Amino acid sequence: MKIFKALIIVILIIAIIYLLYPQVEEEIVIRRDNSPVKGDADTKIFIFVDYSSEDTRDFFRNKFQKIVNEFVQTGIVSLYVKDYALSESSQRAAEATRCFREQKGDEGYFNYVDVLLENQYNFTTENFIIIAEGLNINKFQFESCLDARRMMSFVERDYMDARGLGITATPYLFINGQIINGMESYESIRMKILNRKA
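Numbering that gives the first Met the number 0 applies: residue 0 is where the sequence shown begins, and numbers increase by one.
Think of the hints as simulated: they come from the structure by calculation, not from any bench. Computed from a predicted model, the values in this text were never measured in an experiment. Each residue gets a CB set at the ideal place from its N, CA and C atoms; glycine is no exception. Careful, some of the hints might be misleading.
Derived DMTMM-like pairs: lysine to aspartate or glutamate, alpha-carbon spacing no greater than 20 Å straight-line [unchecked claim]: (1) LYS62 with GLU101; (2) LYS65 with ASP146; (3) LYS62 with GLU142; (4) LYS65 with GLU101; (5) LYS65 with GLU186; (6) LYS103 with ASP146; (7) LYS191 with GLU53; (8) LYS138 with ASP113; (9) LYS103 with GLU69; (10) LYS62 with GLU132; (11) LYS103 with GLU87; (12) LYS65 with GLU106; (13) LYS191 with ASP41; (14) LYS62 with ASP146; (15) LYS103 with GLU186; (16) LYS103 with ASP39; (17) LYS138 with GLU106; (18) LYS43 with GLU186; (19) LYS43 with GLU106; (20) LYS65 with ASP39; (21) LYS62 with GLU125; (22) LYS65 with ASP113; (23) LYS138 with GLU101; (24) LYS103 with GLU132; (25) LYS43 with GLU69; (26) LYS43 with GLU142; (27) LYS65 with GLU53; (28) LYS65 with ASP54; (29) LYS138 with ASP105; (30) LYS138 with GLU155; (31) LYS65 with GLU117.
Label pairs and their calculated CB-CB ranges [claimed, not checked]: (32) SER187 with GLY133: 18 to 28 Å; (33) GLN177 with ASP57: 16 to 26 Å; (34) GLN177 with ILE129: 35 to 45 Å; (35) SER187 with GLU87: 45 to 55 Å; (36) GLU125 with GLY74: 38 to 48 Å; (37) ASP105 with GLY133: 15 to 25 Å; (38) ASN33 with LYS138: 32 to 42 Å.
Please take these sequences and the hints and turn them into a complete structure.
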């Protein structure tokens, strides 16, 4: 009987401690500094991409613009692109996109990415420059940015954010604590965005 009473007391003490000190989920904070963005809504979606990934290319071809049309242009969400470069060529491609963005802003960045993804098998510094020149960039500034690797630290921080979330491939979306595989159907992604945007 004494053991039973002692057990009840221990359970009550644990319950009181739990009620007095409720468990709080750790809020995940993802850096937005120097990340390309579409939209300015309070609800933010972070898309982790690897420019050498065919899945990332397919996501941009088939789902990205649908998300923009349905959720960004209507003011429901804003989209932030984060680099998850899984190879040296992907790292350099990510740096090139950011060097381009430095001159042409977010819209210019998305134009550069569209062309870059269509030339996915030619990731060389020379081709990064050719693509940029075709989009009317200041070649000297662009080359200087690439050569100095000024954007490397931003790409590396994005990589660390992705690793911290447990992301191991691309594309992946992160919205309000939920990680969504970008290879899911658009309808599945759409429903998850609708359910998580609040």
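Straight-line alpha-carbon gap LYS65 to ASP54, limit 20 Å
holds (16 Å)
Holds or violated: LYS103 to GLU87, with C-alpha atoms at most 20 Å apart:
Status violated; Cα separation ~24 Å.
For the pair we were handed, LYS103 and GLU132, check the Cα-Cα distance against 20 Å.
Measuring from Cα to Cα gives roughly 12 Å; hence the hint holds.
Quickly compare the C-alpha distance for LYS62 and ASP146 to 20 Å and report which way the hint goes.
violated (33 Å)
Between LYS62 and GLU142, is the straight-line Cα distance small enough, at 20 Å or below?
Measuring from Cα to Cα gives roughly 32 Å; hence the hint is violated.
Verify the proposed pairing of LYS103 with GLU186, using a straight-line Cα cut of 20 Å.
violated (32 Å)
35 to 45 Å as the expected CB spacing between ILE129 and GLN177, which holds or is violated:
For ILE129 against GLN177, whose Cβ atoms are near 39 Å apart, the range 35 to 45 Å holds.
What's the verdict on LYS65 and ASP146, does the C-alpha distance respect the 20 Å limit or exceed it?
Status violated; Cα separation ~35 Å.
Could you grab the alpha-carbon distance between LYS191 and GLU53 and see if it respects the 20 Å cut-off?
violated (23 Å)
Quick one, are LYS65 and GLU186 close enough, alpha carbons at most 20 Å?
holds (10 Å)
Are LYS62 and GLU132 close enough, with their CA atoms no more than 20 Å apart?
Violated: LYS62 and GLU132 sit about 27 Å apart, past 20 Å.
Taking 20 Å as the top limit, are the C-alpha atoms of LYS138 and ASP105 close enough?
Holds, at about 18 Å.
Of the hints listed earlier, those the structure fails to meet are numbers 1, 2, 3, 4, 7, 9, 10, 11, 14, 15, 21, 26, 30, 32, 35, 38, in rising order.
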